[in-house]
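**Student:** Start from the sequences and build out the full structure, keeping to the hints where you can.
So the protein sequences, as listed, match chains C and A. The first sequence: position 252 = 252 (the numbering used here), numbered continuously. The second sequence: position 70 = 518 (the numbering used here), numbered continuously.
Heads up, none of these hints are tricks.
Derived Cβ-Cβ restraints for the label pairs, each shown as a range:
1) C:399 x A:484: 46 to 52 Å
2) A:505 x C:30: 40 to 46 Å
3) C:310 x A:505: 44 to 50 Å
4) C:444 x A:490: 18 to 24 Å
5) A:501 x C:440: 41 to 47 Å
6) C:311 x A:533: 37 to 43 Å
7) A:497 x C:249: 21 to 27 Å
8) A:486 x C:247: 26 to 32 Å
Dumping the calculated SDA-like pairs for lysine to any residue here, alpha-carbon to alpha-carbon at most 20 Å:
9) A:505 x C:215
10) C:61 x C:23
11) A:555 x C:124
12) C:77 x A:556
13) C:325 x A:497
14) C:290 x A:498
15) A:555 x C:93
16) C:285 x C:316
17) C:325 x A:491
18) A:555 x C:91
19) A:555 x C:380
20) A:555 x C:94
21) C:61 x A:537
22) C:325 x A:492
23) C:290 x A:515
24) C:90 x A:552
25) C:61 x A:481
26) C:325 x A:489
27) C:290 x A:497
28) A:555 x C:420
29) C:413 x A:487
30) C:290 x A:490
Keep in mind that the hints were calculated from the coordinates and are not lab data. Glycine included, every Cβ here is placed at the ideal spot set by N, Cα and C.
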Amino acid sequence: MSQAARNALLGTVLAATSAFAADVSFQSTTYAQYWKQDLLGEQRNVVMFPWTQFLDVNVTKLGQENLSFSLYGWGRKEFGPRSSSLDGKKNSGELVTAYLRYHFNKANGELMAGRMFVYDCGSVEQIDGVSGRADLVHNLNLSLFVGKPSHNYLGADKRTILAGTRLGAKLDNMGEVGVSLLMDGPTPHVSMLDQTKPYPSRRLVNLDAHLMPTPLWDINARTSYHMTLRELAEQDYAVRYRIHPSVSITGFFLDRQFRSYFAGTSLPQIFKQDIYDAQTSWGGKLQWGKMGGPVEVVADYKRSRRERLGISDRIGGELRFAHSKPMNIRYGVGYHRIIGGPSRMNQVALNNPNAPFYCLSHHELRAWTFVDWERMFASLDGVYHLYDERNHPALNHTPVVFEGMASLGWRPKSNLTLSGDLIYSSNPSYRREFHGALRVEYRFGGAQ
Amino acid sequence: MKRPAFLFLQLMVLFGVLALHTACPFSSAPSFAPVHPMTCPIGRSDCTSCHGKEILKSTGKSYAAFNHDSDFLANHARAASQNTWVCTSCHAPSMCADCHAGRPGVKPNHKLGHRSDRIMPHRGDYITRHQFEGKLDPASCFMCHGRGNDAKCLSCHGQRK
Chain C
1 MSQAARNALL GTVLAATSAF AADVSFQSTT YAQYWKQDLL GEQRNVVMFP
51 WTQFLDVNVT KLGQENLSFS LYGWGRKEFG PRSSSLDGKK NSGELVTAYL
101 RYHFNKANGE LMAGRMFVYD CGSVEQIDGV SGRADLVHNL NLSLFVGKPS
151 HNYLGADKRT ILAGTRLGAK LDNMGEVGVS LLMDGPTPHV SMLDQTKPYP
201 SRRLVNLDAH LMPTPLWDIN ARTSYHMTLR ELAEQDYAVR YRIHPSVSIT
251 GFFLDRQFRS YFAGTSLPQI FKQDIYDAQT SWGGKLQWGK MGGPVEVVAD
301 YKRSRRERLG ISDRIGGELR FAHSKPMNIR YGVGYHRIIG GPSRMNQVAL
351 NNPNAPFYCL SHHELRAWTF VDWERMFASL DGVYHLYDER NHPALNHTPV
401 VFEGMASLGW RPKSNLTLSG DLIYSSNPSY RREFHGALRV EYRFGGAQ
Chain A
449 MKRPAFLFLQ LMVLFGVLAL HTACPFSSAP SFAPVHPMTC PIGRSDCTSC
499 HGKEILKSTG KSYAAFNHDS DFLANHARAA SQNTWVCTSC HAPSMCADCH
549 AGRPGVKPNH KLGHRSDRIM PHRGDYITRH QFEGKLDPAS CFMCHGRGND
599 AKCLSCHGQR K
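**Tutor:** Right, here's the structure in full:
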């Protein structure tokens, strides 16, 4: 279906649904940018003026009390060079979601049809299809979806069909466990992961659990098993223990086998991953601060090990402050040290035993504040990164990244917000980068 | 798996679902409110400030499980995958798309540039930094970007030869 025909159809549907609707709400966000980039190694500046319009429409009580329609999308007009190479077009747009939903008064039941996101079968997917869920007796619940993956990007390993189902069980006052099955159809062409042969479709069995056996413990677990490749694709476990109402400690473990984890993805990956690589991460987090309190302190540590690239550590912390009187003000500062073992530049170098190694270690520092006072709000944000190895080719001999951002906003009415941002940065890609933006947000009806 | 086997597997799943529904009819418990009756104050939502230690019946979990503290925000996918209807009672369905749409239109850290308190992860020159962070900790990238792509990415991250 052509873009024009699709837009006409959407307009017709929207007008028709509005005519029957008792409750229409929408939110419009207009985002205009001025973007000037002074590229390293080039004499000219690049100046861009993209203008993006977002529209979010929700129509409830559509003829029936429980029937609703939701639509969300955006369009962009460029008044200068192309600012995004997302699809190779200068002017672009996207229908992100458009679906009819019927929700039942009992059993948390719902039926949806159209373009939507599905979340509950071990993967986040955007499909054109149908889905439904309901609570059953005996504390069980069931969800299903089937559809066609929405996108067909450049190089996409697009599948013809994607289907999933999940059976969940609530445990009395303890949480929920579930088992789900995710399957996609035959691939129309060979995978971008390995051009020498068709890649197996996804046949994932997933187990998920979120348990709180006592108010002190919070346990999350997710395991995915690839039935065709017969190996665990993903393991993700986290345990949180509340030592005190305002102190908790969290430990986690994550393991992903790239070959199975990426098998049959309905949208392409942005990463040229080595499918025989794998990653294992573990670490912990200590949080201090009562929920909604004036101070929150977080200290965290994470160790990642990639089979092909070695070990890295990330350690640091964050301080957050919040006050509501005399005005709503929040501010914070964070620091992390990343210690990365020597690594080769890219996949090509990885396979060349003579390629040089580079160290990836660096410091990260960030400070920010946000103030909300009656009809005005303002924010400041600063990011500073310092890399250890100046000679890393990706750094262009510029081991420092800096970005500063200031924003000011005004709410002349409860449903109208005007705001503007100014961003200045200096980094290894651009000697200087200046970014200005104006944002107009308008809400009509009960838009959330 | 060949096509007939795949179709057979789909039929088996459908049959299993129908059998399950026959054995376990729908619950008669009322549904969770589609819209939260009160607007929550600006900032990180603290469900327990009103609900205390109660159990949110339709989830089997305490309200504390949905408090928007640092841990919850970093791992919100867990709640969204099991209890989406709790999220949508306060958040517009489109909120997820600000970051997770295959094509979000504007980078989330720009669209939400006026909300420094929301700690968007890609502040600064991320084009440079992603070369480092992608190597150091790819799992954190995959969570959001594992299924997104564009021509610019493919210029470096194209098909393997």
